[in-house]
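With the hints in hand, could you dock these two chains into one complex?
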Amino acid sequence: MREGEPRLRRALVAAYGFEDGRDATAEALAYGWEHWERVREMPNALGYLFRVAQSSRRRRRVPVLYDVSGWPDHLFEPGLPRALAALSRRQRTVVVLVHGFGYTLQEVAELTGMRRTTVQNHSDRALARLRHKLGVTHEK
Amino acid sequence: MKNDLDGQIRELIDRGAPPVSPQEVTGRYAPARRTAGRHRRLITVAAGVATAGCAAGLAIAFASPGAPPRPAAQAGSAGKAPTFLTAAMVRHVASASSSALESSGREQISYRSVKNGTVTSAGLDTVTYSGSNWNYAVSITKPLTVSGTIRAVDGHVYLQVVSETGWLPQSDSSTTPEFPEAATLLRLLSPAASFQDAGTDVINGQRLTHLHATQLSGLPRVTTLVRYANLSVQQAPESAGTLTGLDVWADSAGVVHQMKILLQGISGQTTVTVTFTDIGQPQSITVPPAR
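Those protein sequences? They're chains S and L, same order as listed. Numbering-wise, the first sequence is residues 1 to 140 according to the working numbering. Numbering-wise, the second sequence is residues 1 to 291 according to the working numbering.
Rather than coming from a laboratory, the hints here were simulated on the basis of the structure. Any given hint could turn out to be false.
Residues on chain S that point at chain L, a partial pick, calculated with CB under 8 Å [said to hold, decoys possible]:
id, residue
1, E5
2, R10
3, V39
4, F76
5, A85
6, L105
Restricting the straight-line Cα-Cα distance to at most 20 Å, the calculated cross-link-like pairs of lysine to any residue (SDA-like) are [stated by the list, open to error]:
id, chain 1, residue 1, chain 2, residue 2
7, S, K133, L, R10
8, L, K260, L, Q170
9, S, K133, S, P43
10, L, K142, L, L219
11, S, K133, L, D4
12, S, K133, S, N121
13, S, K133, L, K142
14, L, K260, L, P220
15, S, K133, L, L262
16, S, K133, S, W36
17, L, K260, L, T223
18, L, K115, L, L262
19, S, K133, S, V68
20, S, K133, L, G7
Positions of the beta carbon are idealized from the N, C-alpha and C atoms, including for glycine.
Chain L with its partners taken away, still in its complex shape (with noise of 0.2 Å):
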């Protein structure tokens, strides 16, 4: 033991506390992007080409969108007095999915903003993803009906808006996610967080813990899902939109399996909850068909 308290001091607090690294710096670092929700605006505006000739204007017929995910049954939520994770368990959850979602997937975006009693925007997303190859799947209903898809395989991008246009390859078109990635979203599983215990709840027939976050205003900016509370306009301010609510729901080896975020944007507010299934099962993920 060092006999000096001074030494004691300095080794207590240079130990515990190693270096911030400058990835860690900037992780938390959200710059303006100028592609910033590109992928979707891509969808959107080629939906809007594709229909140019149409008098009708807006309202484009394509498939219906799929159903948002099932509602949470509660179960053994209620009468629990909440207690809160410790540091080193939030990082076990964030580790442990971080692993199991990090290679292969799917995950499923749903979403609806109200404004003043009206659904601004609503939707629901869908992505698999394998690797570096990923395909991202929007349908939305709110402001306008438009679906499409997009892909990336082997760093080429593809778009596809209706089944009769076939796929287009992108050549200027970034391969970087701009949808909420697993990988991004599991930046919000901070100790910063303050998590509780808020109980146990059944979805999709699976017993799920329940944590929810009591602090907001340290969490790191995610850009990509914070842009759904804007999706009500077409080019929102990058910094438009907070984070109001998170909570997450994982299984006993601490996967999650489940988010629910809360923002407040410029439509309004915003209620997004995501959905991970086939963890870690290999997708097929391949180039489209020539057109």
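Next comes chain S alone, as it looks inside the complex (with noise of 0.2 Å):
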């Protein structure tokens, strides 16, 4: 479950936002470890933990937020919080993991549970509204 832990935490902080998103994952490996005999019996136990952290998060309303106040500005575009936070929960978390961090589409949809052709269609949208929103026309 360690090797697991960054996949599962960007996942859940992509769609939840820091703190909820950290939240979610140790209440996600908490169940795990408890879970342990079955869990680990699974082929996909690290998207089951995925599901399992959102279902717990399926009844929150928290706005999803990601609070840079103290940070260098120096980091990244000033509009990158909020234009992430602007996106579908399901378009952040792929544009995040296969943008961000870049794992494949199929390493994305066993996360997730979406289908590949959907992380595909989510991953292009999200990145097209993201550079609209950020005005950015050309990519390295």
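As structure tokens, then:
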């Protein structure tokens, strides 16, 4: 599970923000630990824990926030946190994992339970929306 | 600034959410412990042994329980639209309380369970603690009347059931607290609870800010606390009991003075009120006199 922590955390932080995402990660890992005998037999344990975390967040209406107040302003476009927050939860999760961390479409599909083609669509649309909002016309 | 969008996203997410430590994970994990509730059971069992010769059986006459904490005087709560606390504010309260309560103080735990209109368990526990030493006085009024004290001093545990018997050393008893100590309860002060500012109340002459938790599902399970929902039976499953309500009162420095917790368990609907007093003041917890 230690190996899966970065991927699970990044996906949940993308979906639910810094605070709630980390919180959801800790909860999901605790659940995995508590039910280790069953979870370790699963072919896609990380995907299962991702859904456990999603279930625990289903009834919440916590606004997604990437609070970067106090951070050095040279790290990224000032509008990036808000632009990410404006995406749908699925789009945000996909664009963070695929473009931010270089996970393959298949890896993201397995983690999130989406079809590979759905991941591709979300990725394309999310990136286009981000670029539009940030006024980015050229990448690399 | 990183000039590629991908790198900026990576920077934002990893910088904003560092790895989850094993301690954070284990803090949310509540394993079933074989010795769960042993301290409290020790008192009830010892009390039963002490009265084995009495035909009356369960009716054991001990000191009457202390009075429960005074109800909060409502002041200023009405008519104010509640606002949510930010995660930083909640963390501040948790941090300030943890610093204030970690060394020494007094904790009163008043509880009452009602099932189908009948009181199934009630009592008052009083904990004084100083460093790793603690004194846990239990006064049960329902389902039977029992009182006693467990004390841990310098790694040794002592039991007192009735004053006539004096103190009994417990060589096989753990010094790990099995009551909801302050540090454990403060784990409930999590941003995940989405606390609302519910105004101010005057409690024990002090004006305190009332924080009301609106989300309970993401809070850690505090086994030593949930146990209060199952005290009407001797051997309740460790998994029994859920948190159904949480209110916290903190002073202007963010230090928690009172918590009101609602639980649903085998005993029915349970209200637990925890009051912290003598915060940070030295407590004298000494080795009891030999029998």
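Do the hints match the structure? See the list:
no.	hint	verdict
1	E5	holds, 6 Å
2	R10	holds, 6 Å
3	V39	violated, 13 Å
4	F76	holds, 4 Å
5	A85	violated, 11 Å
6	L105	violated, 15 Å
7	S/K133 with L/R10	holds, 18 Å
8	L/K260 with L/Q170	violated, 32 Å
9	S/K133 with S/P43	violated, 39 Å
10	L/K142 with L/L219	violated, 29 Å
11	S/K133 with L/D4	holds, 15 Å
12	S/K133 with S/N121	holds, 18 Å
13	S/K133 with L/K142	violated, 64 Å
14	L/K260 with L/P220	holds, 16 Å
15	S/K133 with L/L262	violated, 46 Å
16	S/K133 with S/W36	violated, 43 Å
17	L/K260 with L/T223	holds, 16 Å
18	L/K115 with L/L262	holds, 13 Å
19	S/K133 with S/V68	holds, 18 Å
20	S/K133 with L/G7	holds, 17 Å
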